[in-house]
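Novice: Dock chain one against chain two, each of which comes alone in its own frame, and use the hints as you go.
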Amino acid sequence: MTEAFFLSFKLATLTALTLLVLGLPLAYLLAFKRFPFKPLLEAVLLLPLTLPPTVLGFYLLVLLSPDGALGRIGLDWAFRFEGIWLGSVIFSLPFALTAYREALAAVDVEVLEVARTLGVGRWARWRRVVLPWIWPGLLSGTLLAFAHTLGEFGVVLMVGGNLPGETRVASIYIFDLVQALDFATAERAALVFVAISFVLVLAVRTLEARWRSITGYGTR
Amino acid sequence: MEIDYRLRHPLKLEAHLRVEGLTALLGSSGSGKTSLLRALAGLLPAEGRPYAGLPPERRRVGYLPQGYALVPHMTALENVALALKGPRRRTHALAWLERVGLAEFHHHRPWELSGGQQQRVALARALARKPDLLLLDEPTSALDAATRDRTIDDIARLVREEGLPTLLVTHDPLVAARCDSLAVLEDGEVRQQGDPETVFSRPATLGIAQLVGFGNVFRATVLEREEDGVWLESEGVRLFALGGASLRPGQAVHWGIRPEEVMIVRADRPLPDRLARNRLPVVVREVAKKGLVYAVRVEGALTLEVLLPRHVQDRLRLFAGKAIEVALKPAYVHLFSSGLPSS
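In order, the protein sequences belong to chains X and S. According to this note's numbering, the first sequence is numbered sequentially starting from 6. According to this note's numbering, the second sequence is numbered sequentially starting from 5.
Pulled out of the complex, with its shape left as it was, chain S reads as follows (with noise of 0.2 Å):
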């Protein structure tokens, strides 16, 4: 599905956007993501297409706020039959509850069931009236880590099953990397969409770097092209960089390079010609545990955030002070073409 929408309130939004499947849409907090959400569910004026000037009533779009919005006196079942009409709603109600799940808290309402169960629900509720769209805002903000990425699968298989569009708002990029495609809303417009791993790999701007998890983000001068890439001076360090066939010498621009793509250079290992290129002496500053992966600060010519998942440092055995050397892959090398600050 083709989305085409303009807000002037409450604040200026373009977007152009495809719903794919199950689409993400990121973008940092006050972006404007609820606001599109709302603005399709026809809860706030805007102009484009589909469903231009249709009153939400009118509209069959699933809509889901963060907090479920389910009725309060109401069973988890009469919520499901809001949506419905006919001698029979109670009947189809019970069997959407089953597909969630929870046919058997079909008695219970909303504040005796869990965030989870509640999000289910609310869920059964939107997709019994068998829309054409589904709207999820920040399905997962609510529910514990280990729920939150059941849930998504949940998500996922049903709208899947279902064959419905779903545009789903998160901040988180560890959601967004789940879904079919991801759009990215910054400045008020959508930068860019494509499926996650291109999104995150290839991000379009520095914002998108930032919001996609990109901790390493540098200045460059650019010194001269060759062949597939391009030469960069980046505080005193020579690098080399793929693509940027559009860069000319002289051009300043930002690089980065994600945390968990920086690599540590083993002594009794060799490096292949072109990753030797980007050798760095560095000096551990910090090593810091994150769950099942550490977090470890270099500092040489360039400051660098290095993610090593456990059994890498449980060899290499890191620690503050240590020198070693780190090598940037030309491929993780990333040249961001636009949204540059101009400072």
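So here's chain X without its partners, still in its complex pose (with noise of 0.2 Å):
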């Protein structure tokens, strides 16, 4: 059980990670910027909401096999820890995307403008004006993302199987003990899991009740 979950854990925190370096700039993008078919790349981007995690798992098995398009460039990564890695951050992408671009919609861009007029510079600004801004917003996207992965099956299943200590995850050895019919063993894990849901949630709420008390917003 602890192989799984401790598999589960650095699984959801590489995931967290990846998805704040790669979140943080796309969501930025969408937010404060325009361009030529932005509606599609949000398109394609929120598809993983809508996908059932065996389709979105299926396509990633098949581009990641050796003989897939990726698999030929050497991310032969099916039934590898890298494999569901990919799917995980893929798959959780839409939650942490959406934190993010609420988290930086809500920065006026005009307390921005007058910075520049006090001389702040770019650094500066970022720094002093928008993290502290969106850093509720940006930790509580990054722990949904978190949860999220934990909480995940299908992709993983599909993409990485059932290695011990390679791909299998927490919520697969529940799975798997259910389908030993080690009932006993599957109640433990499945407690364990919910307590941690609860505390993820948890911090999620009280980040935004705190973010509202330092903005103001929804107070007024």
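Since the hints were derived computationally from the structure, they do not count as laboratory data. Owing to the predicted nature of the structure, the values given are computational and were not obtained by experimental measurement. Hints are supplied without guarantee of correctness; some may be wrong.
[Said to hold, decoys possible] One-sided and incomplete, this derived list gives chain X residues near chain S with beta-carbon spacing under 10 Å:
(1) D113
(2) R121
(3) L123
(4) R133
(5) N167
(6) D187
[Claimed, not checked] Where chain S lies over chain X, by a calculated footprint (3+ residues, C-beta under 8 Å):
(7) 45-59
(8) 124-131
[To be verified] Sample of chain S residues at the chain X side, in silico, Cβ under 10 Å:
(9) R42
(10) E61
(11) R64
(12) V65
(13) Y67
(14) P69
(15) Q70
(16) A73
(17) E82
(18) K89
(19) A130
(20) P135
(21) A181
(22) V257
(23) R270
Beta carbons: idealized from backbone N, C-alpha and C, even for Gly.
Specialist: Following this line, the structure appears as structure tokens:
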């Protein structure tokens, strides 16, 4: 059980960090910039929300297999940790992106413009004005992605299969236990899951409340 | 400070004006007032001087947009200190908050302050950076009437103490009247600039006249010149107006008179000769109380809006249906030299 939960945490942490690095610039692009085919890009990025995980997993499996388009350029990640990591990043991207984008959209462009007229440079504007403004949103988006990855099942099973220590994460482990009719162990694992999820959702809600109290949004 | 700016986007604008002391920039909505301010702050591309081509960070220009643009997660003190550098920045920021009377609110965040207080914080923040030019966009639009007058006086006091040229954008003639100089933006250019009294009493164009509150504007034909004025024919009425030296008989012009400058003739007081020229029998159609003044509409050969101070109405006791006479003092009959509609 420990091995499966450890793997789940490793996967969720790496996925959440990847999404922070990848999602923030993307969210910035979507929130502030205008460019051709923007709705198209948005639709593609949000597509994992509506796709069944098995469909996403199926395409990834095909692409990442040794003969697949990505497999042939060295990314033969099927049934490997790297594969479920890539799948998780794509699958949780809409959640993180939506949260980041909302946080960025709340930043008043006029405030940044006035900061420029006050002689505050680009880096200082990000560090002193934007980041303190959006950090609760960033953190809550990242936690959401983390929680979502923990609970993932379909994509991971399709891309990674069920290899202990490599791709057998906690959700799949529980599925395995039930298949083997080991209900007692499955119940303990499920309880751990409920506790973790509850703490995460509570953290996200607390962060949102804190964000409102800092900026005054929603208080008048 | 001389300003000479040309904008292409978002609208075509050519602005030449002087910012001397507290200068108001008056214009109807959509005339490009805000765009000109943003261009001066370096936030919109424009050609001209001063500051041509410099990014906003390198211009010493203080810019206060309508919403004040305070950083919401910073306290009043941190907001003011945002513009400052060095180890003593917080001390300086506090001194500035003190100057705008908000030292005790230094730890409050913007949403804990009233609109007027937020504006003073924003003003302190802009002044703290010791700008060469201050730009204020509709500083009173979000404030109630009582706060408005005090705010303008506070701003005027501060920028005079600092000796800071300040350009204040407004669409409110009452705000413009409290400034040292008044420039009017119309059809993409500054059409008139002078002290407010001159612009108010002698607006250069019909559009400016309407902007500064001329309610009564009429078409007329020039009949003849006489001494220092002209005789006009307007809606069948003969009127004498001062000035108009460049007008020729037969020419079409517009003239106007401000509602507060229409005089009600009192039977017990004979009119001086010149005033007697522009007497007009009318009937009162409507009397409406507007704050401390009465707005009266009278109809005769001309329909005129008249504004009467309360004490005058208390004495005259005008009511709808009453027949009276009004007089239009030739000095107050204003001829518009340009900007006339072709119809």
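Novice: Of all the hints given earlier, name the ones this structure violates by number, lowest first.
Specialist: Per hint list: 5, 6, 7, 21, 22, 23 violated.
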